[in-house]
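Please build the complex by placing chain A on the supplied structure of chain S, with the hints as guidance.
For reference, the chains in residue letters:
There are 2 protein chains.
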Amino acid sequence: MRGLMQSWPLTVPSVIDHAARWHGEREMVTRTVEGAIHRTNYAELHERARKLAQALRRLGVGKGQVVGTLAWNTHRHFEAWYAIMGAGGVCHTLNPRLFAEQLVYIINHAEDRIILLDTSFVAILESIQTQLPNVAAYVLLTDRAHMPDTTLSNTLCYEELIAAEDGNCDWTPVDEDDACGLCYTSGTTGNPKGVVYSHRSNVIHGLAVNCADGIGARSVDNVLPIVPMFHANAWGLVFAGPMAGCKLVMPGARLDGENVCELLTGERVSVTAAVPTVWMMLLQYLEKTGATLPHLKRVIIGGSAVPRVMLEKFERDYGVEVVHAWGMTELSPVGTLASFKSGMENLSFDERMDIKVKQGRPIYSVEMKVTDDAGVDLPHDGKAFGHLLVRGPAIAGAYLKGEGGQILDEEGWFDTGDVATIDELGFMQITDRAKDVIKSGGEWISSIEIENLAVGHPQVQEAAVIGVAHPKWDERPLLIVVLAPGTTPTREEILAYLEGKIAKWWMPDDVAFVAEIPHTATGKIQKLTLRKQFETYKLPTA
Amino acid sequence: MRGLMQSWPLTVPSVIDHAARWHGEREMVTRTVEGAIHRTNYAELHERARKLAQALRRLGVGKGQVVGTLAWNTHRHFEAWYAIMGAGGVCHTLNPRLFAEQLVYIINHAEDRIILLDTSFVAILESIQTQLPNVAAYVLLTDRAHMPDTTLSNTLCYEELIAAEDGNCDWTPVDEDDACGLCYTSGTTGNPKGVVYSHRSNVIHGLAVNCADGIGARSVDNVLPIVPMFHANAWGLVFAGPMAGCKLVMPGARLDGENVCELLTGERVSVTAAVPTVWMMLLQYLEKTGATLPHLKRVIIGGSAVPRVMLEKFERDYGVEVVHAWGMTELSPVGTLASFKSGMENLSFDERMDIKVKQGRPIYSVEMKVTDDAGVDLPHDGKAFGHLLVRGPAIAGAYLKGEGGQILDEEGWFDTGDVATIDELGFMQITDRAKDVIKSGGEWISSIEIENLAVGHPQVQEAAVIGVAHPKWDERPLLIVVLAPGTTPTREEILAYLEGKIAKWWMPDDVAFVAEIPHTATGKIQKLTLRKQFETYKLPTA
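First to last, the sequence lines map onto chains S and A.
For the first sequence, position 530 matches number 597 in the numbering used here, and the numbering has no gaps at all.
For the second sequence, position 178 matches number 245 in the numbering used here, and the numbering has no gaps at all.
Source of the hints: derived by calculation from the structure; they are not laboratory data.
The model shown is predicted, which means the values in this text are computed figures rather than measured ones.
Heads up, some of the hints might be wrong.
Note that the list lumps identical chains together, so a pair holds whenever it fits in one copy or between two copies.
Stated by the list, open to error - Below, computed lysine to any residue pairings styled on SDA-like, alpha-carbon distance capped at 25 Å:
| id | residue 1 | residue 2 |
| --- | --- | --- |
| 1 | K591 | G484 |
| 2 | K130 | E114 |
| 3 | K436 | E92 |
| 4 | K568 | V549 |
For reference, chain S alone in the conformation it holds in the complex (with noise of 0.2 Å):
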C-alpha cells in the first residue's frame, strides 16, 4: 500500500520560490568586493537568479552540466547558485586558497564549462587558463564599470547577462536526485575528492539546519554567514536562511575584526556562523577598541573545535550564546550542535563550558557512532574514544567519478576519519584524527586533547603533537610550539603547565620550538608535513 501524498519533489528552486513568495521584502546586505554595502531582497534576488538561469542556459548550461563559482559570499554568488542549479547544473565551489595545481586539477576533473568569479580572483585563473582547455567562458561578478584588464579569454560580464534576460522562465525540471552541487574535499594525502550534493540533500539539511535546535533561523533573524559558501556549503545556510525567510548579511572579501564587527553592529546580526579564525580576530579587535556585540544573540562555531578561552570570552564577557558545531564536507555538512538538554542551562559556568567545548548531538538526519578498530560500537561513557561513523541523507555515498572507491562499509556507515567519544546524554566529542593519534604500546593518545590544553599556556601561540617513533613504546608525543612573539619560556615550563592536567603517560616526551607551524589551504596543521619534518627526531627518551 503506498502513500497518497503529492508528488512533491524536493528541489533547490522550490527554497528561493519560497522565500521570494513568502518573504519577498526581506533584505539581503552585502559588502562587495567592490568595497560599498549592497541592498537587495528575496524577491529580487529569485528574479536576478531566473534571468541568470536564463543567461545560462543560452550559454549551453543544461542538465548535470558543471559550472565553477570562485566567489566570496555575496548576494552576486548567492543568486549564481540558485541560477546554476535552478537551470539543472551542477555549482561546483572553487575555494580560491587551494594551490594552482589543485584548482587546476579540480576543474579539469569536474569538467567545469562555464567558471563564474569575483574580480579578486582574476589574476589566479589567468595563471592557470591555459592548462583549462574545457572551460568555454569566465563570468566576472561584477558590472561593465567594473570589469577588469585581463589576459582571461572569453570573458562576460555578470550584470550585461542579466539585464539582457526578462525573467520569463520556469526552472528546469528535475529529479530531486539529480546533482546539483559539487566541493572537493581537501585531503591531506592524494588527489582531492568531489563529494556531489543532490537537491533532495540540500533541502533536507536545510531543514535539518533549521530546526530549534539546529542553527534555527527565524524569520526575524539577521544571519551573518561568514562562513564561506565555497567551503563545506556555508553550512547549509545558503538553503536554511531563505527557507526560513530571515536576512541574511553577506561579509564578502573582508572577514577581518574591525569589519565583522562593523557588520555585526550596523546590520544588527543575531546569529552568525565561522570558524575559530574568525573570532579570534574579531575577539582581539574587541579586546582593543573596547567595543561589544549589543545585537548578537548567537555564534555558530565549527570547522575545528572552539578553544575553551573563545567560549568563555562570548559567553561571560560579551553575553553571546555560543553554539560549537562540527561537520565536514561529506555531511552537507552540519553534523552535530551542541544545544543544551533540559537542566543544563541551571549548571554552573564552568559546568556548562564543560558542556559546550564538546562538539554536540547529531542533529535529526544523521546517525552517529564510535567504533573501534574491529569495528565494534564503543560505550557513551565520554572515554572510550574510537572511529566516528556517520549514516544519513545527506552524507556522501561516493565520491565524484568513482575516487577513493567503495567509502561505505556493508552497512552503509561513512567512516569521518575523526576519532570522538560520546558521553553518556549523547555530546560527541572529537579527539583526533584517526591518522592522528599517537598510538604508545597499544593505547591512544588524543594529540588535539594536548593542543588544546597547550594553547592554554599564554606564551604559547600555537601547538601541534605529533607521534614520534620510539624503542619500546612504538610512538610517543612530541609537542610542537610557536611561541608568542617576545617570549622565551623553557621546555619546562611548558611541560609543568600540562602536568595534572593530563594522564601522566599523555604527557609529551619532548618539546620543539619552530618559528611556523605549516597549514593546509583550509587553514588545518598540515601533521603529515610535520610528520615528515620530524621523522628522524630523536626523543630524549628513546
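This is chain A only, laid out in the frame that chain S set:
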C-alpha cells in the same frame, strides 16, 4: 548527473531510533486513562514499540496491513503508532467522537484487521462489533489488572502482548513512499474520505514543523500535545517531539481546565497545542481559581480561528505567546503559523493582535495561493478573498480507494475548501468555508468574520451566520445566536453592536435566537443543518 549522497529513506522508525539513541533519558509523562500519572522515557518507549511490533507481526500485521487505534494521547498510543508503522503497517486513527455509523463505515472501508483501543471506548465498539466482520482482534491498551468485562470477541491485553516479546528485532524495511498512516476527514457531505500518509510525508512534515519559526520544539522544551493523536496527526508532534528529543506530556482523557492546568504547572510545560475549545475551558478555570501559568511560554492554537479575546487574554493577562496556526487533515496537518516577521515585535499591542488573529504564513514545503472562481491568482493585499489552494510533499494527492475522484487540478493544486485573504507580508486569513460564503448581489460576504464579531458581544455565547434566500440579492446574511444564560438582549441591541465594525452591506438582515447550534463530531458548526433548519425563513427585508 546524479547526486552521490547516501540512499537513506525518510522513515518513521528512524525518528524513534534517533530519540532513543540521543535522548533516551528524556521523559514522557502520561495522565493514564486509569487515572494515575505514568513516567517513561524514549529509550523505554523505543524498546516497547519494538516488542509491540514483534507482537503485531505475530498477529499477522505485515506491510500495508491496516491497524486501527481508538485512543487518547498516552504513552501506549504513542508506542502503538511506532510499532504499527515500524512493522510496515498502516496506523488508522479512529475518532471516538464520530457517530457509530461513521465508525462502522471507515473501519470497513479501511479494512482494519486489528483495533487497539482504550478501555474507555469499549462500549462504542461493543455496540458495532457485529458490523465489523474483518476485525480479527481487539487489543485493549491496558494491563491485565485493568482489563474490563466486555462482550468484544477476541480481546487481547496490550501489556501482555508486550511482555511476551524480547524486542530483539529490526523494523520492517519499507520504501519512504509506502503508506504508514490513515485518517478520515469528516466531510459535512458524503462519506468520510481517507487521507493516506507516507513515511516520507510524516518525516518531511515533522522537520518542517520543527523549524524555529514553526512549532519549533527544542530538546529543553516540555511539550503538551492536547490536540488529539486521533485527529490530524496531533499536528505532527508525535514525530516532531522525538525528533527534537523534547519531553512530551500526554494528557490522556481529561482535557478540562483543572487537569490541563495541573499538567501545565506540574510538568513545567513550555509549549502546548490545542483547539480554542480547550483553551476556553482553561481560561475559565484560571479566572475562577486565580491560578497562573508560570512556566508556559507558547501556545499553538488551531483547528478553528482563535477568538481575539482569547488571544488577548493569553498574551496580556498570562504572558503567554500565542501562535495562531491553520491546517487540515489533508495537510498532515500544518499549513501556516502566524510567527512574526521582523519589526512586528515593536508594534503596539493592538497592532500585534491584528496580526495574530490571522492564520499566518505557510511553512516551507507548503505552496499556497488564493484564486477567484475563474482560477485567477488574487493579489496579496489582505482584502481580496478567494479559494485557498495548496501544494506540497505532505499534502494529499488523492483519497483512499479513489473516493472523491481527482482532487488536484491540472497543476497539482489541492482546493482546501476554505476561502481566505493573503496580506502584503504573506499572512493568510481564513474568511470562510467556500460553501458557507454568502453571495449577495454577486459579491461575497464572510460568515466567519461576522460570527467572530458577534461573539464579542458580552451576552452572545455562540453565533453562526448563514445565507438565506432573498428575492433581490439572491442571499442575505442571517445571524443566529445562542444567548448567555439569563440574558435577554434584543435583536436591535445585537445589530447595534455590529454597526460600524463591518461594511453596511455586510450587516445581517435579521437575528434569530436559538437554544442550541448544531455541531459536527469534531466540534465545527453544522452550517448545512442550519441552512436546512432556516430554509423557509423569511427575512424582514425580503
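Do the hints match the structure? See the list:
1. K591 to G484: Classified as within; 14 Å inside a copy, 57 Å across copies.
2. K130 to E114: within (21 Å within a copy, 46 Å between copies)
3. K436 to E92: Close across copies (18 Å), not inside one copy (43 Å); limit 25 Å.
4. K568 to V549: Only inside one copy: K568 and V549 sit 21 Å apart there, 75 Å across copies, limit 25 Å.
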